[in-house]
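Input sequences plus hints: build the corresponding full structure.
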Amino acid sequence: MIIFLAKKLGQMVPVFLGITVISFFVIHLAPGRPSDALTELNPKVSLEVRERLEKLYGLDKPIGQQYRDWLTRIVRLDFGASFADGRPVTAKILEALPVTLLINFASLVLILGIGIPLGALCAVRKGTWIDKAISATLFLLFAAPTFWLALLLMDWLGVKLGCLPVFGIKSIDHEYLSGPAKVLDIARHLVLPVTVSTIASLAGISRYVHQNMVQTLREPFVLACRSRGLPQRLVIYRHCLRNALLPVITILGLSLPGLISGGVIFESIFAIPGTGRLFFASVMARDYPVIMAMLVLGAVLTLLGNFLADIGYALADPRIRYPKNAA
Amino acid sequence: MLRDFSKRKQAQFGLLLVGLFLAASLIGPHVCPWQPDAVDEAHLLTPPGRSHWLGTDQLGRDILSRLVAGARISLLIGFVVVLIATAVGVLIGATAGYFGGGVDNVLMRLVDIALCFPVTFLILAVIAVLEPSTVNIILILGLTGWMGQARLVRAEVLSLKSREFVLLARSYGASHSRIILRHLVPNAAGPVIVAAIFGVAAAILAEAGLSFLGLGIQPPTPSWGNMLADARSTLGVAWWQSLFPGAAIFLILVALNALGEAARASLRHEGKNYERDPAR
Chain A
445 MIIFLAKKLG QMVPVFLGIT VISFFVIHLA PGRPSDALTE LNPKVSLEVR ERLEKLYGLD
505 KPIGQQYRDW LTRIVRLDFG ASFADGRPVT AKILEALPVT LLINFASLVL ILGIGIPLGA
565 LCAVRKGTWI DKAISATLFL LFAAPTFWLA LLLMDWLGVK LGCLPVFGIK SIDHEYLSGP
625 AKVLDIARHL VLPVTVSTIA SLAGISRYVH QNMVQTLREP FVLACRSRGL PQRLVIYRHC
685 LRNALLPVIT ILGLSLPGLI SGGVIFESIF AIPGTGRLFF ASVMARDYPV IMAMLVLGAV
745 LTLLGNFLAD IGYALADPRI RYPKNAA
Chain B
104 MLRDFSKRKQ AQFGLLLVGL FLAASLIGPH VCPWQPDAVD EAHLLTPPGR SHWLGTDQLG
164 RDILSRLVAG ARISLLIGFV VVLIATAVGV LIGATAGYFG GGVDNVLMRL VDIALCFPVT
224 FLILAVIAVL EPSTVNIILI LGLTGWMGQA RLVRAEVLSL KSREFVLLAR SYGASHSRII
284 LRHLVPNAAG PVIVAAIFGV AAAILAEAGL SFLGLGIQPP TPSWGNMLAD ARSTLGVAWW
344 QSLFPGAAIF LILVALNALG EAARASLRHE GKNYERDPAR
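Residue numbers (this note's numbering), protein chains in the order written: chain A, 445 to 771; chain B, 104 to 383.
Do not take every clue at face value.
To be verified - Restricting the straight-line Cα-Cα distance to at most 25 angstroms, the calculated cross-link-like pairs of lysine-lysine (DSS-like) are:
#, chain 1, residue 1, chain 2, residue 2
1, A, Lys576, B, Lys112
2, A, Lys614, A, Lys626
3, B, Lys110, A, Lys570
4, A, Lys604, A, Lys614
5, B, Lys264, A, Lys576
Stated by the list, open to error - Anything over 10 angstroms on all C-beta distances counts as not near chain A; from chain B, calculated:
#, residue
6, Leu105
7, Ser128
8, Gly204
9, Arg212
10, Ile241
11, Tyr275
12, Ser280
13, His286
To be clear, the hints were calculated from the coordinates, so they are not data collected in a lab. Quick reminder that beta carbons are idealized off the backbone N, C-alpha and C, glycines included.
If you want it as C-alpha cells, here you go:
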C-alpha cells in the first residue's frame, strides 16, 4: 500500500509543475501588458506610474524569473493581491468558498440519494416500463442546458408564483431576522440553485450506476448467491449494489474540483456570491492574480481528487491494492 | 456498422431532428419575413401570434428569425470545434500510441495536465486574455476539447499496432506516417466518430453557455446563448423569450445525444459480431 501511494505521489509532481506552467503562461499570452487592465481606463496614468505598478507586481523582471518567483510564492499558498481591490487573493477565495461548498454538498447528497436508487431500480427492472420511463426522463434531463432550466424555474416558481426568492442567498431584511428565521431565509434562497445543480448531474450518475449494476448482475457470483437460496433483496442490495458502487468513488473524487469551480454560469444566474461568480467577475475585470490562483487551485483539486479516488478504490477493492503480476 | 446504425430508432430520430435544424439554418434566413436584427419599436415583447410565430424580444426583434440565424452559428461552431479537436486529438493520440516509450510518456503527461483544469475555468481564463470573437471561441473550444479523443485513439492504436496488417505494411516499406494515417487511424474511426458526435453536443452547449455569460458570440449577432441572456431581463413578463431559445439548444442536444447513443450501440454490436466471427 505504501509503495502504491508513493508511486501515485511521484506521478503527481510533474503534473503539478505542468499545471503551474500552463496557468502562468496562459495569462502571459495576453497582448499588451498585464498592467493595462489597471491603467487603461485612466488616461492620466503616466509612464512613470505604470512602471511603478509593474515594479510592485514584479512585472519588470524577465518572464522566467517571474514564473520562478510566482511558483515559490504559491507553494506557500501566497497568491498575491487582487488587481481589483488590492486584497489578498486567498482571502477573497476563502470568503466565497462557504456558499459554494454548502450548495455543492447539499446537491451531492441529493444526487447520490436519488441517483443511486434510480439507477439500481432501472437495472433490476431492466426492460420494464419503469426502466423505460426513468431512462427516457433522465435522457431528456441530461440534454437540458442547466442555465435554461434555471431561467424557466426562476420565471415560473420565482417570478410568476412568487413563492421562492430568485437572487442571492439572503433577503434584504436578513440582518433583522431571528436566528431560526435566518437559517430558513438562506434555505429558501438555496432551493432553486440546489435543485438546478442536482438535476444537472443526476442523469449522469444514475446512468453510471445503471450500467454498472447491469454488468454486475451478469457476474457468476450473483448466480452463486441465488443458487445458495439467498433472498432476492439480499442478493441485490448487499452483494450487487456494493460492487456496482465501486466506480462511484471515482465520481466522488472527480467532484472535488467542482467545489471551487462550482457552476460559473449558474452562480452568476442566481447571483450567488460563491467561487464560480468570483472567477467570472475576475475574468470580466481581468483580475489576473485571482484568475491564476483559481486555475491552479482548480487543477490541483482535480489532481487531489484523482489521488483520493485512487486511495479510496484501493481501500475498497483489494484487487487494485495487490496487482496479480506484482505478487 | 452503418446498416445497423440506420435501423436504430434513436438514430432515425436524431438524424431527422439534426436534418431539420440544418434545413432551417440553410433555408430559414431566406424564407423568414423578418430580419434577425431588425428593431421594431411598435412591437416590443409581442407574444407568439400570427405575424411573429414565436413572439418578439424587448427590442421588437422577431424571435423565430433570430433562432434560425442562431442555428447557423451554433451548428457551425459545433462542427468546426469538433473538427479541430478531433484532428489534434487523433494526431497526438496516434503518435503517442504508435511510437510508445518516451514520446508516449511526454504526450500522455501533457494530456493528464490538460485534463486537470476545470474546463470552464480554462476556457474563461483564455477568453479573459483574448477578445471573445467567433474565431477565438472556435479556437479556444477546439484546443481545450481534444484530450478525450487523444486517449481514445492512443488506446486503439496500442491494440492495433501489433496486428499483422501493420507488420505487412511495414514489410513493404511504408513510412511511419503512412502506417499511422492510412492503416491505424481509419481502423480506430468507430470510437472517434462516437466521441465526435458527443463532442458536437458539448461544443454547442459550451458556446451557448459562453454567449449566455456575454463572453461568447457578441451582440448584435444572434446566438441561442445571448438570446437567453437577453431573456433574463424580462423574466416573468415574456415567457416566450426564455422558452424558445433554450428549447432550441435542448432539442439539438437531445438529437445529437440520441445519434451518439445509437452510434455507440452499433459499435458495440459490431464488436460482438467480430468476436463471434473471427474470420471477418
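Tested hints:
no., hint, result
1, A:Lys576 / B:Lys112, "holds (14 angstroms)"
2, A:Lys614 / A:Lys626, "holds (8 angstroms)"
3, B:Lys110 / A:Lys570, "holds (22 angstroms)"
4, A:Lys604 / A:Lys614, "holds (20 angstroms)"
5, B:Lys264 / A:Lys576, "violated (41 angstroms)"
6, Leu105, "holds (23 angstroms)"
7, Ser128, "holds (19 angstroms)"
8, Gly204, "holds (16 angstroms)"
9, Arg212, "violated (6 angstroms)"
10, Ile241, "holds (17 angstroms)"
11, Tyr275, "holds (36 angstroms)"
12, Ser280, "holds (27 angstroms)"
13, His286, "holds (31 angstroms)"
Figure legend: structure checked against the earlier numbered hints; hints not met, in rising order: 5, 9.
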